[in-house]
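> Model the full structure from these sequences, guided by the hints.
Protein chains: 2
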Amino acid sequence: MKAVILLSGGLDSSTVLYQAKADGCECYAISFDYQQRHRRELDSAKKIAESGGVAEHHVVNFDLRLWGGSALTDNQIDLPSDRSLAEMSENIPITYVPARNTIFMSFALAYAEALNASRVYIGVNALDYSGYPDCRSDYIQAMQEVYRLGTKQGRQGEAIAIISPLIEMKKTEIIQLGNSLGVPWEETWSCYAGGEKACGVCDSCRLRLAAFQDLGLSDPLPYVQRMG
Amino acid sequence: MKAVILLSGGLDSSTVLYQAKADGCECYAISFDYQQRHRRELDSAKKIAESGGVAEHHVVNFDLRLWGGSALTDNQIDLPSDRSLAEMSENIPITYVPARNTIFMSFALAYAEALNASRVYIGVNALDYSGYPDCRSDYIQAMQEVYRLGTKQGRQGEAIAIISPLIEMKKTEIIQLGNSLGVPWEETWSCYAGGEKACGVCDSCRLRLAAFQDLGLSDPLPYVQRMG
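Chains E and V, in that order, are what the protein sequence lines are. Residues in the first sequence are numbered from -13 upward in steps of one, following this note's numbering. Residues in the second sequence are numbered from -13 upward in steps of one, following this note's numbering.
No lab work stands behind these hints, which were simulated from the structure alone. A portion of the hints provided could be inaccurate.
Identical copies go unnamed one by one, so any copy, or any two together, can satisfy a pair.
[What the hints assert, rightly or not] DSBU-like, lysine-lysine: derived pairs with alpha carbons at most 35 Å apart:
(1) K156 to K32
(2) K7 to K33
(3) K183 to K138
(4) K(-12) to K33
(5) K156 to K(-12)
(6) K138 to K32
(7) K138 to K(-12)
(8) K7 to K138
(9) K33 to K138
(10) K32 to K(-12)
(11) K183 to K7
Structure representation (structure tokens):
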């Protein structure tokens, strides 16, 4: 069974790739260079695609700086670094990129249909990132309907299924799952900043570090600093 | 009221731009260079955007040849030229590009949300192109749900509305509408081939020529040949 995996190179999508392999899929990875400031994650995506033994890995290029609207694509906007973990879950943050997951899932759908694949895997998570509208299950269901009605494959046979295995999991549970699957954490990248080492203070770093700490584990990734 | 217009440079999307203006919208056009063989249409999109007086026009670049799967992105596949108009409506043709409208509408959504626009206009048509799964109204409704659930704007206020004024119109009706709105047909481009003049024999040329002929009008666009 062929599956397309949306692979950012982060902790979540890397775990999803390893889950798809464990599910018995032949994996085809897709990543996006949208001129995000943390394009460093693409190096990780390439490493993880290789470690994970994918059949093929495409990086799709386009420029989401064209119209701006997000701290992740506009160097003029400061990345948030002082919000509590609780605050992260409550509001839509300035790191939200308009319609980003919709764009990603559209390309994944095109790739999957061209491959005649059965599944698209995505590492969205509704708990840690509940501020993001396009990480919730009602959104994923709406996108599934687009997958069904918007393709030849969905109209004439069985629709490509969207699999989001992490959607209801806590970050600690994702790390436990990844550990059981053998995900090489040192090859992943979660930091929103584009440095050599992970910054340790952006929302994404702090969520990750806090989860490793809660499990009594050490994150093998090098950080500039680790918030206590 | 701001609106994003999906503008290919063809007869349908050009009419839609003029309709959006007639509806009182401030228009922002978006076009796509996806390495389609008929990239000639982008010149038309630029001309029409100018004639139509848009506030801004973005051309988004990406490469849909990466995974192939369509005669429009693969020069090795012959364009169909011998199908009857009836056959065109019945089957999904090899000019179908997997998930193309979903990709286009995803970028339009991103642009619209960044602009704080209220509407996205798209010139899909369910009659002449009923073979295409992503030109039908049930698909547009599914995409509308994605617009509602997948954005900050849709979750917190009123969703960006998808307007598809041509969806139930015949090609002859679209031409009549365009005539009443003053669309400069000579600046538009419908041909799937990438020549200097429109080929006159591909599906898209024949649909267009037949409609002008049915109305007793002459299409001002230069053609290599006009099928009688």
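> At 35 Å max between alpha carbons, let me know whether K138 reaches K(-12) within a copy, between copies, both or neither.
For K138 and K(-12), both the intra-copy (17 Å) and inter-copy (33 Å) Cα distances are at most 35 Å.
> Treating 35 Å as the Cα threshold, decide for K156 and K(-12): within, between, both or neither.
within (28 Å within a copy, 40 Å between copies)
> Since the copies are identical, ignore which copy is meant and state whether K183 and K7 lie within 35 Å (CA to CA) inside a copy, between copies, both or neither.
within (29 Å within a copy, 50 Å between copies)
> At 35 Å max between alpha carbons, let me know whether K7 reaches K138 within a copy, between copies, both or neither.
This pair counts as both: shortest intra-copy Cα distance 26 Å, inter-copy 33 Å.
> Between copies, within a copy, both or neither: which fits K183 and K138 at Cα up to 35 Å?
Result: close only across copies, 31 Å inter versus 44 Å intra.
> With identical chains treated as interchangeable, where does the CA-CA distance between K7 and K33 reach 35 Å or less: within a copy, between copies, both, or neither?
within (16 Å within a copy, 49 Å between copies)
> Checking an output row: K138 and K32, CA cutoff 35 Å. Within, between, both or neither?
both (30 Å within a copy, 31 Å between copies)
> With identical chains, the pair K33 and K138 could be close in the same copy or across copies; at 35 Å between alpha carbons, which is it: within, between, both, or neither?
This pair counts as both: shortest intra-copy Cα distance 33 Å, inter-copy 33 Å.
> Which holds for K(-12) with K33 at a C-alpha limit of 35 Å: within a copy, between copies, both or neither?
within (21 Å within a copy, 43 Å between copies)
> As a check of your reading, is K156 near K32 (CA-CA no more than 35 Å) within one copy, between copies, both or neither?
Only inside one copy: K156 and K32 sit 26 Å apart there, 48 Å across copies, limit 35 Å.
> Treating 35 Å as the Cα threshold, decide for K32 and K(-12): within, between, both or neither.
within (19 Å within a copy, 40 Å between copies)
When held up to the earlier numbered hints, the structure conflicts with none and fits them all.
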